[in-house]
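If you read the protein sequences in the order shown, they are chains C and Z.
Each residue of the first sequence is one higher than the one before, starting from 361 at the first, in our numbering.
Each residue of the second sequence is one higher than the one before, starting from 361 at the first, in our numbering.
Honestly, the hints are just simulated from the structure, not real lab data.
A few of these clues could be false.
As the list makes no split between identical chains, a pair holds if one copy fits it or if it spans any two.
What the hints assert, rightly or not - Simulated crosslink set (EDC-like; lysine to aspartate or glutamate; CA at most 16 Å straight-line):
1) Lys523 x Asp500
2) Lys482 x Glu429
3) Lys378 x Asp432
4) Lys455 x Asp472
5) Lys455 x Asp521
6) Lys423 x Glu447
7) Lys523 x Glu553
8) Lys423 x Glu553
9) Lys523 x Asp404
Number of protein chains: 2
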Amino acid sequence: MTDLPASPDPAELAAPPKSRREQIHEVASRLFSERGYHATSMRDLAGELGMQGGSLYAHISGKEDLLMEIVDRAARQFDAALFTLREDPRPADAKLREAMERHIRVVADNMDSATVFFHEWKHLSPGAYARVTGWRDTIDHFYRDLLRQGIAEGHFRADLDVKMGANLILSAVNWAYTWYHPGGNLTPRDVAEGYAEMLLGGLRAPAAAEPGASP
Amino acid sequence: MTDLPASPDPAELAAPPKSRREQIHEVASRLFSERGYHATSMRDLAGELGMQGGSLYAHISGKEDLLMEIVDRAARQFDAALFTLREDPRPADAKLREAMERHIRVVADNMDSATVFFHEWKHLSPGAYARVTGWRDTIDHFYRDLLRQGIAEGHFRADLDVKMGANLILSAVNWAYTWYHPGGNLTPRDVAEGYAEMLLGGLRAPAAAEPGASP
DNA sequence: CCTACCGATCGGTAGG
DNA sequence: CCTACCGATCGGTAGG
């Protein structure tokens, strides 16, 4: 109820005005994720922004650069989310929970560009393509190192197959892009904690309980 | 070293001659998986088969029908692999291993069409689209039922979140299409057993071992 | 299975 | 940011 003079549009309070370039980037992420890169025309994209196809080129240099930047940003977000955990002093199981939560949060907060990241990177030029596989290797190694740390600490099973374990964890957190609904009743934290609980403790019942026994 | 008269081409011994239609289907799976549906032209497809673009239409009715059949077949393979397990009398943990092995085997034996199944189904017409989501629901329910059975039997933890557990399992087996290499040193059975072991028993060490302690 | 072609649409540019 | 346009390519067809 407080007056805020010289601020005519209340929408401008919540978010600073987005540059046209940023708007194009955002709509492109949505369309590329919904229809795929090649099935989205520059005229489709322009239409959603209320302009003509040719007008886009006043703001961007080309369709592929748009894709490259969407994929690049997504990759950097994954990397940034996990990077600060490398030097984290906590034990491996706590770090695994935290890493999975951050990883899923990146997916959840960027459903569109995460989908583009996973589906459309093969349409990039060889240079950008190589950069993406580099990011993915970095993330893979992060989880492998984490598992090795846990084994060395004695928190994880000594007979663990590190490669396979990292694959399993990556499957869980990446696949979220196919089913997670940001507006739903599950937060990224819920998912991460549920997954970590199952992964760390296992699905199997701790003791051989009698079937049908009541407490 | 035995003579086989009236069989001039030894390649015909291993595999019966594939119909042209089947060849088209096979090459289309590969191209759609490598480049995506919309980035593959009918002329690309025809070129790989040594014919002109227009000639394809003597064998098939259209591009989308090709996609629909590839996706349909993949869906049916997943369904068929798990269907016979519904009535299997084994305990849930054994059935889970078996289901994961069969599921991963379908992915591994059909890397191309599995990739198309996971990436290109959104380009189908609404009718075919609905059919695919139906298949996916069926598979999802299979794993949920399996988890419920395991809880009822007392083999699985009673506090298990069935939906999340099914999601975790599906993540593991489906994501294999992104990294599995059919010619490599890991069989689908290796992957399934490794995954099942980690999922059932958990990553955590059974007892609190001393870090650095030697046996 | 080929040649020749159809209308439609593509990414991108010139000039304003 | 628009109008008008470029050459290229698309899925598909006619007629043989």
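Checked hints:
| no. | hint | verdict |
| --- | --- | --- |
| 1 | Lys523 x Asp500 | within (9 Å within a copy, 26 Å between copies) |
| 2 | Lys482 x Glu429 | within (14 Å within a copy, 23 Å between copies) |
| 3 | Lys378 x Asp432 | neither (20 Å within a copy, 43 Å between copies) |
| 4 | Lys455 x Asp472 | neither (27 Å within a copy, 36 Å between copies) |
| 5 | Lys455 x Asp521 | neither (18 Å within a copy, 22 Å between copies) |
| 6 | Lys423 x Glu447 | neither (39 Å within a copy, 52 Å between copies) |
| 7 | Lys523 x Glu553 | between (22 Å within a copy, 14 Å between copies) |
| 8 | Lys423 x Glu553 | neither (39 Å within a copy, 44 Å between copies) |
| 9 | Lys523 x Asp404 | neither (42 Å within a copy, 37 Å between copies) |
Hint compliance for this structure: hints 3, 4, 5, 6, 8, 9 are not met, and every other hint is.
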